[in-house]
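Novice: The chain contents come next:
2 protein chains.
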Amino acid sequence: MRVDIGNALAGVASPGVARESLERLDARVAQAHRRIEAGRADEEHGYAALNLPERTDPDAIRRAVDPLADASAVLTAGIGGSALGAATITAALPTGADAYYLDNVDPAWVADRLDDLPLSETALVAVSRSGTTAETLANFLVCREAFERAGVDWTERTLVLTGDDGPLADLAERHDLPTLPVPEGVPGRFSALSPVGLAAPAICGVDIEGLLAGGAAGAESLAGSLFDCPAYAYGAVSYALAERGAAVNAMMPYAESLETFAEWFAQLWAESLGKDDIGQTPARALGATDQHSQLQLYRAGPRDKLVTFVAPGEREDRAIPDPDAEALSYLSGTSLGELLDTELDATAASLAAAGRPSVRIELDRVDARGLGELLYGMEAACILVGELFGVDAFDQPAVEWGKEATRESLRTGDLPERPGDELAE
Amino acid sequence: MRVDIGNALAGVASPGVARESLERLDARVAQAHRRIEAGRADEEHGYAALNLPERTDPDAIRRAVDPLADASAVLTAGIGGSALGAATITAALPTGADAYYLDNVDPAWVADRLDDLPLSETALVAVSRSGTTAETLANFLVCREAFERAGVDWTERTLVLTGDDGPLADLAERHDLPTLPVPEGVPGRFSALSPVGLAAPAICGVDIEGLLAGGAAGAESLAGSLFDCPAYAYGAVSYALAERGAAVNAMMPYAESLETFAEWFAQLWAESLGKDDIGQTPARALGATDQHSQLQLYRAGPRDKLVTFVAPGEREDRAIPDPDAEALSYLSGTSLGELLDTELDATAASLAAAGRPSVRIELDRVDARGLGELLYGMEAACILVGELFGVDAFDQPAVEWGKEATRESLRTGDLPERPGDELAE
Chain A
1 MRVDIGNALA GVASPGVARE SLERLDARVA QAHRRIEAGR ADEEHGYAAL NLPERTDPDA
61 IRRAVDPLAD ASAVLTAGIG GSALGAATIT AALPTGADAY YLDNVDPAWV ADRLDDLPLS
121 ETALVAVSRS GTTAETLANF LVCREAFERA GVDWTERTLV LTGDDGPLAD LAERHDLPTL
181 PVPEGVPGRF SALSPVGLAA PAICGVDIEG LLAGGAAGAE SLAGSLFDCP AYAYGAVSYA
241 LAERGAAVNA MMPYAESLET FAEWFAQLWA ESLGKDDIGQ TPARALGATD QHSQLQLYRA
301 GPRDKLVTFV APGEREDRAI PDPDAEALSY LSGTSLGELL DTELDATAAS LAAAGRPSVR
361 IELDRVDARG LGELLYGMEA ACILVGELFG VDAFDQPAVE WGKEATRESL RTGDLPERPG
421 DELAE
Chain B
426 MRVDIGNALA GVASPGVARE SLERLDARVA QAHRRIEAGR ADEEHGYAAL NLPERTDPDA
486 IRRAVDPLAD ASAVLTAGIG GSALGAATIT AALPTGADAY YLDNVDPAWV ADRLDDLPLS
546 ETALVAVSRS GTTAETLANF LVCREAFERA GVDWTERTLV LTGDDGPLAD LAERHDLPTL
606 PVPEGVPGRF SALSPVGLAA PAICGVDIEG LLAGGAAGAE SLAGSLFDCP AYAYGAVSYA
666 LAERGAAVNA MMPYAESLET FAEWFAQLWA ESLGKDDIGQ TPARALGATD QHSQLQLYRA
726 GPRDKLVTFV APGEREDRAI PDPDAEALSY LSGTSLGELL DTELDATAAS LAAAGRPSVR
786 IELDRVDARG LGELLYGMEA ACILVGELFG VDAFDQPAVE WGKEATRESL RTGDLPERPG
846 DELAE
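If you read the sequences in order, they're chains A and B.
Anchor point for the first sequence: position 203 equals 203 in my numbering, and the numbering is continuous, going up by one each time.
Anchor point for the second sequence: position 3 equals 428 in my numbering, and the numbering is continuous, going up by one each time.
None of these hints come from the bench; they were simulated from the model.
Computed from a prediction, not measured in an experiment: that's the story for all the values here.
By construction, the Cβ of each residue, glycine as well, lies at the ideal position given by its N, Cα and C atoms.
Mixed in with the good hints, there may be bad ones.
To be verified - To give a feel for the contact side, a few chain B residues facing chain A, derived at Cβ under 8 angstroms: (1) Leu-434; (2) Asp-595; (3) Gly-699; (4) Lys-700; (5) Gly-704; (6) Ala-708; (7) Gln-719; (8) Arg-724; (9) Pro-748; (10) Thr-831; (11) Arg-832.
Stated by the list, open to error - Which stretches of chain A does chain B cover? Using the computed rule of at least three CB atoms under 8 angstroms from a CB of chain B, they are: (12) 90 to 100; (13) 135 to 147; (14) 214 to 222; (15) 275 to 281; (16) 289 to 296; (17) 393 to 401.
Make a model of the complete structure from these sequences and hints.
Specialist: Have a look at this one:
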């Protein structure tokens with residue numbers, strides 16, 4: 001993974017960051033890196049995420065999913081960080097089975113999913129650390145019933161990822177279900193390189209060892225200077241631009257297979273940094289599609305954005321057949337990949353020409369190793385930004401009010417004025 | 426369509442708009458409405474979009490697509506406004522054929538799509554006003570070749586939507602292909618209720634008459650006061666909040682079937698309003714999923730957001746089987762729909778409790794009529810905001826630089842420093 005920050009520098013862009021400012025910021029990066037390394041050494045809450053590439057045992061995952069290796073479809077009941085890591089991986093990499101994620105409780109949509117799946121060949125993966133997540137447990141109950149109605153023994157088709165206790169843990173024990181642990185001290189959105197992110201991909205035949213190797217390469221590349229560490233370069237520049245007015249960070253990979261990655265990034269960035277009235281709002285974009293949707297705004301709207309490109313160096317390609325029209329002669333002898341790569345370069349140049357900042361993250365290719373390194377690098381960048389902002393990147397207290405209000409409303413029929421006395425705010 | 430602005434008022438939220446400020450703003454709304462009505466009367470560029478429900482002839486669309494009525498899949502080559510309207514409709518409403526949209530030139534993804542489709546049963550819809558859109562024409566050439574390789578006569582399977590001249594119009598004439606017109610004076614992002622948005626849905630068996638009836642109801646409901654017109658109420662409040670610091674508008678429907686609608690809205694809002702260094706950045710969200718991803722940021726991050734909920738009044742439902750766990754007893758006797766509706770209410774309340782503004786758009790249900798009214802209403806709201814901002818909502822000049830640079834780079838092999846002398850900026 002390489003990070004090119006040239007188009008985010010003052011002189012090119014406004015907001016932009018002067019090179020001297022980055023040099024001053026680098027002292028804080030070094031300090032934050034020491035804090036991060038200390039947290040890693042102590043397996044401290046959150047920081048432990050950066051140890052996952054070495055802590056996660058792919059063989060244990062392979063053993064746990066082995067009984068489900070025949071599945072032609074994998075249905076995960078999970079939401080937020082319990083779904084997005086795995087969904088990012090199965091969207092980006094080749095799979096031998098189709099992966100589906102029940103990450104919402106929309107009744108018609110859930111019913112359609114269940115109606116369409118060959119349940120006797122489907123693996124069901126239930127993911128909830130607490131075992132009480134309303135959406136996930138509701139969907140799990142609906143799935144279990146659908147399996148029963150279809151005459152399929154759900155206990156033979158289900159893998160559970162949960163904490164040491166709670167309803168899902170009880171259920172797993174009662175029915176002797178295979179289980180995998182959710183990692184200790186790692187929030188869901190940082191758990192892509194743990195069993196939470198790797199179990200469903202493993203059933204689908206994804207190269208989880210390659211993902212972990214990529215993560216390990218990311219860990220190797222952490223260093224106490226943004227000038228020596230691509231992940232910190234990205235984090236530091238994002239932070240510096242946020243401080244200079246880039247309230248929005250538009251994540252715009254130029255690869256369809258990374259569309260879900262942009263969603264994963266959006267959770268990582270929003271939930272980790274959005275607190276104390278600060279943060280940087282992620283926007284999910286996709287190249288080249290959003291050139292025809294968001295680019296006008298990015299290039300000519302408010303000067304409140306950083307655009308982050310993700311560029312694969314190599315990709316499978318397909319030639320464009322010769323157009324028999326003069327107006328299209330520029331397409332002669334080119335390919336879809338060449339067109340897409342050229343559009344990325346042209347879009348980056350067009351933003352620079354308008355003085356709008358962008359950063360370019362380059363991968364050799366979208367494969368298991370490259371993706372593992374990308375996920376790890378974005379997590380490290382996010383943790384660095386949390387340190388620089390001075391916020392706790394590992395909690396999400398603001399969502400509790402609504403969860404408690406939902407439970408109370410379902411119990412009593414009324415939405416409380418102020419749910420749960422314990423929720424002092 | 427009803428619009429509840431109560432949670433966007435000062436006193437509830439910050440930023441928020443005082444009722445007296447809305448009353449003052451209403452004089453400008455009345456003035457803008459007169460401008461809009463004059464534009465409609467003259468079929469003026471852009472404003473003509475609001476006449477589409479009465480101008481669009483569903484029978485002409487039905488006749489044009491009739492030769493393709495046997496299709497089991499519909500593949501549209503189009504990007505931006507040439508795809509998002511149709512994609513929104515086929516995602517939201519029941520279809521008798523599967524709809525796919527080639528709105529990107531990612532080679533592996535395009536190849537996968539073509540490999541998976543039964544081409545002899547597939548209708549190909551090519552949509553480009555100019556007939557020269559690089560991505561669309563490249564994809565069309567690739568599709569045509571794939572049909573030929575599969576031994577399918579593409580001229581029997583293709584419908585063209587384009588302007589009066591250009592390479593696609595020439596092609597249609599040469600091969601005697603069925604065509605439908607793109608509407609005069611209507612930018613792509615405002616063309617959902619024209620053949621551009623309705624042709625692919627019509628092949629899929631969607632109730633396009635119902636969509637147009639919903640649009641007509643939206644047209645009926647336009648009035649010279651935000652207090653009498655839901656669409657203008659939404660536009661005026663969005664504008665007032667943008668002026669007061671809500672730089673981001675998070676569109677968050679509580680229905681999976683409206684996920685693509687949020688993308689459509691994002692194009693409408695970004696490309697129409699993002700100019701002259703102003704605008705309001707759309708964020709695409711989805712309830713309840715993004716409660717576990719974006720809500721922390723929306724509720725506790727920078728006070729720079731308006732959250733827009735879209736709430737269907739009725740939906741198909743599915744009971745949640747009884748949980749056999751005390752910790753889940755609040756789910757007893759409920760349904761997925763009840764859970765989802767309760768989560769929406771709880772999320773709106775939780776934002777209000779944190780003093781964050783939201784607006785609630787209510788539909789009776791997500792059906793053809795409701796969706797048509799919603800699309801029309803958002804277009805009218807967007808045009809109103811353009812009037813209030815004083816920008817031209819109907820152009821997108823900032824994207825030309827990159828398009829021209831792409832063409833020059835493909836021709837010459839080098840990205841120009843400054844593409845096309847004619848592009849004065």
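Novice: Confirm or reject each hint.
Specialist: Hint by hint, here is what the structure shows:
1. Look at B/Leu-434: its Cβ only gets to about 18 angstroms from chain A, farther than 8 angstroms, so that hint breaks.
2. The criterion of a C-beta within 8 angstroms of any C-beta in chain A is met by B/Asp-595, whose closest approach is roughly 7 angstroms, and the hint holds.
3. Interface restraint check for B/Gly-699: the shortest CB-CB distance to chain A comes to about 3 angstroms, inside 8 angstroms, so the restraint holds.
4. Given the 8 angstroms rule on beta carbons, the hint for B/Lys-700 holds: about 5 angstroms separates it from the nearest Cβ of chain A.
5. For B/Gly-704, the interface hint holds, the least distance from its beta-carbon to any beta-carbon of chain A being 4 angstroms, beneath 8 angstroms.
6. Using the Cβ-Cβ criterion of 8 angstroms, the hint placing B/Ala-708 at the interface with chain A is satisfied: the shortest such distance is roughly 6 angstroms.
7. Because the smallest distance between the Cβ of B/Gln-719 and any Cβ of chain A comes to about 5 angstroms, under 8 angstroms, the interface hint for this residue holds.
8. The restraint placing B/Arg-724 at the interface with chain A holds, with a minimum CB-CB distance near 4 angstroms, inside the 8 angstroms limit.
9. Against a cut-off of 8 angstroms between C-beta atoms, the interface hint on B/Pro-748 holds, since the closest Cβ of chain A lies about 6 angstroms away.
10. Because the smallest distance between the Cβ of B/Thr-831 and any Cβ of chain A comes to about 4 angstroms, under 8 angstroms, the interface hint for this residue holds.
11. Checking B/Arg-832 against chain A: minimum C-beta separation of about 5 angstroms stays under 8 angstroms; hint holds.
12. Closer than 8 angstroms: that is the beta-carbon criterion, and the region 90 to 100 of chain A has 0 residues meeting it against chain B, so the requirement of 3 is violated.
13. Under a criterion of three residues with beta carbons nearer than 8 angstroms to beta carbons of chain B, the stated coverage of the region 135 to 147 of chain A is upheld, 8 such residues being counted.
14. Note: the region 214 to 222 of chain A has 0 residues with beta-carbon separation from chain B under 8 angstroms; the three-residue rule is not met and the coverage is violated.
15. Coverage of a stretch by a chain is defined here by at least three residues with a beta carbon nearer than 8 angstroms to that chain's beta carbons; for the region 275 to 281 of chain A and chain B the count is 6, and the condition holds.
16. Under a criterion of three residues with beta carbons nearer than 8 angstroms to beta carbons of chain B, the stated coverage of the region 289 to 296 of chain A is upheld, 7 such residues being counted.
17. Against chain B, the region 393 to 401 of chain A contributes 5 residues with a C-beta closer than 8 angstroms to a partner C-beta. That satisfies the three-residue criterion, and the hint holds.
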